[in-house]
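Novice: Going left to right, the first sequence walks through residues 0 to 239 as numbering that gives the first Met the number 0 numbers them.
Everything labelled a hint here was simulated from the structure, so no lab data went into it. Note that beta-carbon positions come from the ideal geometry of N, C-alpha and C, so glycine has one too. Hints are not guaranteed to be accurate.
FRET-style restraints, in silico, Cβ to Cβ [stated by the list, open to error]:
1) 205 - 164: 24 to 30 Å
2) 52 - 216: 21 to 27 Å
3) 73 - 15: 35 to 41 Å
4) 99 - 223: 21 to 27 Å
5) 164 - 83: 22 to 28 Å
6) 118 - 22: 21 to 27 Å
7) 108 - 18: 42 to 48 Å
8) 197 - 44: 18 to 24 Å
9) 73 - 12: 38 to 44 Å
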Amino acid sequence: MPNDYNVSRTLRRWYDTHRRALPWRDTRDPYRIWISEVILQQTRVAQGMDYYHRFLERFPDVRALADASEQDVLRLWQGLGYYSRARNLHAAARDVRDRFAGRFPTDYAAVRSLSGIGDYTAAAIVSFATGAPYAVVDGNVLRVIGRLFAIDTPTDTSAGRHLYNDLARSLLPPDQAGTHNQAIMEFGALQCVPRNPDCSVCPLVARCAAHAAGTPERFPVKQHRTKTVDRYFHYFYVTT
DNA sequence: ATCCTGTGCT
DNA sequence: AGCACAGGAT
């Protein structure tokens with residue numbers, strides 16, 4: 000078990016030279032981080048950019064968002080889809096205004112309690128804004144970790160979620176949480192991509208179990224059978 | 001553990 | 001047409 004943070008060091012070194020310059024990076028304002036994360040949950044960077052700028056211009060801080068009407072928020076959200084997320088955004092802003100005196104919280108439990116913020120978004124906001132040691136686990140992280148350790152347990156099971164969360168935590172250097180989280184996600188987005196990853200230029204190739212097995216694309220393993228399965232039962236009576 | 005949502009891929 | 005995605009909600 001590599002608890003020496005060498006993987007993290009490699010990821011952060013890679014991140015230094017390969018990271019994209021994005022407007023929501025290098026800000027410590029939890030409000031701005033929050034807006035960017037919610038937009039990015041459903042939109043590619045290229046298209047989310049315009050919405051991000053327009054949103055912040057119109058609602059520069061959480062109080063401006065809270066004091067706006069839901070109609071105004073939805074109008075600015077138009078074209079993004081997932082309108083319940085815009086409603087959650089607005090409701091959460093009012094919640095911050097009322098429960099936290101208009102100051103967006105940076106405490107994990109407080110952030111996590113807001114509408115539309117789950118484990119991933121809470122960890123992202125808190126670690127980016129303050130460096131607090133919460134490991135993000137999104138689709139990119141699942142792929143990087145699934146491949147690094149060639150994990151056969153499906154991601155969408157309780158055992159899988161537990162395992163992935165534990166591994167994500169084990170890779171996280173407590174004093175570099177924000178940078179590490181950004182680095183591992185960017186690495187998944189640009190280098191350890193879902194299809195045809197170019198492992199020949201990967202700085203972790205020597206430590207990657209999936210590459211060693213020759214099947215990086217097999218990971219992460221999923222189960223996701225919402226599909227109805229036909230089951231046939233054979234039963235019989237026993238009479239005396 | 002299952003459902004929800006709009007987009008884009010196959 | 002049907003499914004995968006990606007998080008959150010229930």
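Novice: All the hints need checking, so say for each whether the structure fits it.
Specialist: Results for each hint:
1. The hinted window of 24 to 30 Å between residue 205 and residue 164 holds, with their beta carbons roughly 25 Å apart.
2. Separated by about 36 Å at the C-beta atoms, residue 52 and residue 216 break the suggested range of 21 to 27 Å.
3. Taking the beta carbon of each, residue 73 and residue 15 are about 39 Å apart, inside 35 to 41 Å as hinted.
4. Under the hint 21 to 27 Å, the C-beta atoms of residue 99 and residue 223, about 37 Å apart, miss the expected range.
5. Checked against the hint of 22 to 28 Å, the C-beta distance between residue 164 and residue 83 comes to roughly 26 Å, which is consistent with it.
6. Between residue 118 and residue 22, the C-beta spacing of about 25 Å keeps the proposed range 21 to 27 Å intact.
7. Checking the proposed 42 to 48 Å range against residue 108 and residue 18 shows it is violated: the Cβ atoms sit about 30 Å from each other.
8. A beta carbon spacing of about 20 Å between residue 197 and residue 44 agrees with the range 18 to 24 Å that was offered as a hint.
9. Here the CB-CB span from residue 73 to residue 12 is close to 43 Å, well matched to the stated 38 to 44 Å.
Of the numbered hints given earlier, the model fails hints 2, 4 and 7; all others are met.
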